[in-house]
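Visitor: Now for the letters of each chain:
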Amino acid sequence: QQQVKQSPQSLIVQKGGIPIINCAYENTAFDYFPWYQQFPGKGPALLIAIRPDVSEKKEGRFTISFNKSAKQFSLHIMDSQPGDSATYFCAASVVYSGTYKYIFGTGTRLKVLA
Amino acid sequence: DSGVTQTPKHLITATGQRVTLRCSPRSGDLSVYWYQQSLDQGLQFLIQYYNGEERAKGNILERFSAQQFPDLHSELNLSSLELGDSALYFCASSVNSGRLTGELFFGEGSRLTVL
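Protein chains in written order, with my numbering: chain Z, 469 to 582; chain R, 7 to 121.
Just chain R, same shape as in the assembly (with noise of 0.2 Å):
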């Protein structure tokens, strides 16, 4: 367990609807990273939170957006959802202190089919 929360586990929608993937981060750790996960593919980068603030962007559509709350968890919104937009969805989050870079904790991710 590596103690990075994500709800739902599974998610079946229409093409159209609007989705919310939430993730609660490690205990202690700041920020927050959203990365997609087609089937057979890499981790694709959408974006980072770091204690409430977005800190990088990677390929995230426009029909997505995502945020930070002061609790530290962190939600993906998905909009306009296309039949493309299946895929694992996952958190991870890190503690982000020091001058050197650390561990990266993934969550079990959220699948989402759009049927």
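Next up, chain Z with everything else stripped away, as it sits in the complex (with noise of 0.2 Å):
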């Protein structure tokens, strides 16, 4: 109940594709699902958040899917670029024992060509 299913694990895609990255949980009580983004040698940075009273947020190229009856969460990446070559993790928190549990998915290693 407590995992995060992240799928695919790796992904390659032409400059200016829509790369998207799915994820699904089991624990109904999360109330948040960020999205990290990873550089190699660097510590993950948080990308996007979305909670489950809206079934989409967007931040620039950037767009979470949400769908709360399926239990699933996807990450777009509009009008990719090189420079979007990182991994990329979701995650579900919520609160626990007055703090906040994260559980994080496996990560996708996503590549842009140029």
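Bear in mind the hints are in silico, worked out from the structure with no lab data behind them. Keep in mind that the hints are not guaranteed to be accurate.
[Said to hold, decoys possible] No more than 25 Å apart at the CA atoms, straight line, and that leaves these computed lysine to aspartate or glutamate pairs for DMTMM-like: (1) Lys63(R) - Glu88(R); (2) Lys525(Z) - Glu109(R); (3) Lys569(Z) - Asp77(R).
[Claimed, not checked] Partner residues are not named here, just some residues of chain Z that face chain R (Cβ under 8 Å, in silico): (4) Gly485; (5) Leu514; (6) Phe534; (7) Tyr568; (8) Lys569; (9) Tyr570; (10) Phe572.
Cβ atoms here follow ideal geometry from the backbone N, Cα and C, with glycine treated the same way.
Using the hints, put the two standalone chains together into the complex.
Guide: Structure follows, in structure tokens:
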């Protein structure tokens, strides 16, 4: 119940393509669903996040689609660029014993070809 | 810059040795999380502290220990090091207040190489 399943493990797209990364969860108590972007040798950084009361959130070229009934959410990168090549982690979190409990997906390595 | 500071950035040591990794959370953040990331692997949760107290434990080996001090900085101690302990160790912090969860801020990591 505490897992977040992420797919695919890796993804290669051409510049301008729209990579889509999917995540699924089981615990309906999760109330925050962030996506983190990590470049090699760097720490993960928050890219975009959504709460379950909305079905979609856009920030620039990045969009989260959220399906509460299916317990799934996905990241879409519009007009992808070589600079978007990175590892992307989805996560889900919930307040637990007065603090935040985060569950991370296994990551998707994205490569955008020039 | 996330505001989370980790030292050292790089560390090379030998098997059997002991090292200490240090983390200063963002100003005002009460919670510190430690993660291990091996080559091409995901983020393995090790342990969480909240305002000085241990709150959650993940896949942390008995050879590893951590603590959070009154000034809220945290240290991760790794002992009897093995080759397989070579990894990036990340510290993250969060304010951890209110009814809803919020952002987790990661440091740049400490890269440990065990030879």
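Visitor: Now tell me if each hint is right for this structure.
Guide: Cross-check of the supplied hints:
For a cut-off of 25 Å, the pair hint linking Lys63(R) to Glu88(R) stands: about 21 Å separates their Cα positions. Only pairs whose Cα atoms come within 25 Å are accepted, and Lys525(Z) paired with Glu109(R) is accepted, the gap being roughly 16 Å. Distance check on the hinted pair: Lys569(Z) and Asp77(R) sit about 22 Å apart at the alpha-carbon level, within 25 Å; holds. Contact between Gly485(Z) and chain R, as hinted, is not supported at the beta carbon level, the nearest pair being about 23 Å apart and thus beyond 8 Å.
Taking 8 Å as the C-beta contact cut-off toward chain R, the hint placing Leu514(Z) at the interface holds, the least distance being around 5 Å. Below 8 Å, beta-carbon pairs count as interface contacts, and Phe534(Z) has none with chain R, the closest being about 15 Å; its hint is therefore violated. Against a cut-off of 8 Å between C-beta atoms, the interface hint on Tyr568(Z) holds, since the closest Cβ of chain R lies about 4 Å away. Evaluation of the Lys569(Z) hint against chain R yields a held restraint, the C-beta minimum of about 7 Å falling below 8 Å.
Proximity of Tyr570(Z) to chain R holds as hinted, the smallest CB-CB distance being about 6 Å (cut-off 8 Å). For Phe572(Z), the suggested interface contact is upheld, since its CB lies about 5 Å from the closest CB of chain R, less than 8 Å.
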